[in-house]
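Once you've looked at the hints, dock chain W against the given chain Y.
These protein sequences, in sequence, are chains Y and W. Mapping of the first sequence onto numbering that gives the first Met the number 0: position 201 corresponds to residue 200, and the numbering continues sequentially without gaps. Mapping of the second sequence onto numbering that gives the first Met the number 0: position 3 corresponds to residue 2, and the numbering continues sequentially without gaps.
Only true hints are included.
Simulated DEER-style distance windows between Cβ atoms:
1. Y/T11 - W/T366: 25 to 33 Å
2. W/D323 - Y/G15: 53 to 61 Å
3. Y/A73 - W/T366: 17 to 25 Å
4. Y/A73 - W/L16: 44 to 52 Å
5. W/D323 - Y/A173: 56 to 64 Å
These stretches of chain W come out as covered by chain Y in the derived footprint (C-beta under 8 Å, 3 or more residues):
6. 6-19
7. 289-295
8. 365-375
Just so you know, these hints were derived from the structure itself, not from any lab. Note that the coordinates shown come from a computational prediction; the quantities given were computed from them, not determined experimentally. Backbone N, C-alpha and C fix where the C-beta goes; we use that ideal spot for every residue, glycine too.
So the chains spell out like this:
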Amino acid sequence: MTEPLLEAVNLTKDLGSGAARVAALKGVSLALNGGELTLLMGPSGSGKTTLLSILGCMLTPTEGTVRICRHSTAGADPEDLARLRREHVGFVFQSFHLFPTLSATDNVRLALDVRGEPRRAAKVKSREALAKVGLAHKTKAYPRELSGGEQQRVAIARAIVGNPSIILADEPTAALDGTNGQAIMKILAEIAGERGRAVLIVTHDPRLLPFADRVVHIEDGRITGEESGKLQREMLENH
Amino acid sequence: MPLVFTIAFRNLFHDRLRFVATVIGIVFSIVLVTIQMGLYFGFGRMVTTMIDHASADLWVMPRGTKAFEDPSLLNTRERYRALAINGVADAIPVVIGFADWRMPGGAMTPVFVIGSDLRAGGLQPWDLVEGRIEALTSAKAVAVDRTYFDRLGVSGIGATAEIRQQPVQVVAVTNGIRSFTTTPFVFMDVDRARAHTGVPSGKATFLIIRLSADADRDRVRRQLMSDIADVEVLTPAEFRDRSRTFWLFGTGAGAALFAGALLGVIVGTVVVAQTLYASTKEHLNEFATLRAMGSSRRYIYKVIIWQALLSAVIGFAIAALVGDAVVRLTAETALPIVITPGLIAGLFLLTVVMCIASSIAAIVQVTRIEPAMVFTR
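Chain Y on its own, in the form it takes in the complex (with noise of 0.2 Å):
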């Protein structure tokens, strides 16, 4: 059995402090796999973007271990964290978090000028992104001359471009309607399935359901369930 990509062990998260402390994450243990779409379900306030946070190396567990690509994040400090986020993990976010001054082609190249990509392979590879989430007509629009659905297409390229074995997507088809939520699913359902990326997608959309591989529910900080995508579908189906 190959090593997962991603690997959570009893992650444990305090929020605040004092009176006002909450557990949000409770004892939580998971694994992504390379060419996996698993989906995160969850209620408002179950933990899921605490989990999403903490796997994407953007918070620290109050306990608990988190391994990417055979990399501890254990005693990182915030610029190895950083690196790790840079060369393993691509994000996609809800409200797409475009820069709004930035054309489509250098809204993407972003990812990879930050990991010191130079400019003409960057451009190159941008416009090769932007190709793969069929925008290749789009490349030198700015967010505001775009769709949502398309703006969350360059957000895909730009999660995709630096070629990361993980992509994490927060509510990618949320500020969507169902055409667009579709497509955008689709897209990233081909990603998951090429280059054995593992791609884990918080969502509380059941229309999500039929891309999934794997779905695991989140209630209360706690891991409740985990069914194959096959099983969901069919569920549906039979609904």
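Chain W in isolation, oriented as in the chain Y frame:
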């Protein structure tokens, strides 16, 4: 174009009103510093103008003389002691002093008399536009600057007046020999200068020493100091420094100019810091996104510093144009603003340092960014 530069450029121009405020802050600051420092240099140059134009290898003066305008006196018999020293080619007495200039209509105005042995050519008027130096050796002859015609009530060569109840006649006119005290200079022969200022015969304010071609200046200087009692012997550079130090720092004028310049730097720094901070705050989400994407802090600092540098270059360019206009406007005034290439380079460096220092608050702010905030915005 590097992407950090593009981001910095677009961030800067995204809010044009704020950018204009930033540039105005820099321009105000740098123009203020330019004027203050230009006045400092202009003043520093004016207080040494007589020393600069005297053909002296050494200056002999009474001990404790603070500046060229200090009317302490020494005995002219010391001249003969000086001339006896091997290597001294000439020792020319110079007499200076304030006097009253009475115009033909009876009105009075103070003048600053400068008398020198005009045949020896120790301290002659320069930049003559009318008349000849030689004419100054004739009786009653004086030279005045045309910028003071109104003050002196004269209109050119041939005009007459009185100094200390003794008649004088303008025989030469200069252009641009202005006094920082605003008191007009009047050049004349040394003997008449004594008579017009009340300096007794046998006394002088300075001795201008000229050396023979093969003389060792340091040796002659040591000899002068040992042979003549109660005098100081300075090189022109030392006398310039002493005059400048007295007028700029002994009187507090220099401190006032520096204080004005410092105020300009503080105002500029605060304005630029405030606008850069506001810009960074507005783009905090983008910086957090960069951080989430794995950018190093250094990458983000580069964006902010590029913003600061761009502001500095644009602000300095406009300030330089304004400064140039101010220099031109003051060129013919009593206290012209003097800009030197060194000052321009220094001002540019100051602008850059000021803008980078201003970015510290913004940098501190981005240092505190939590990349996880991208999930909540």
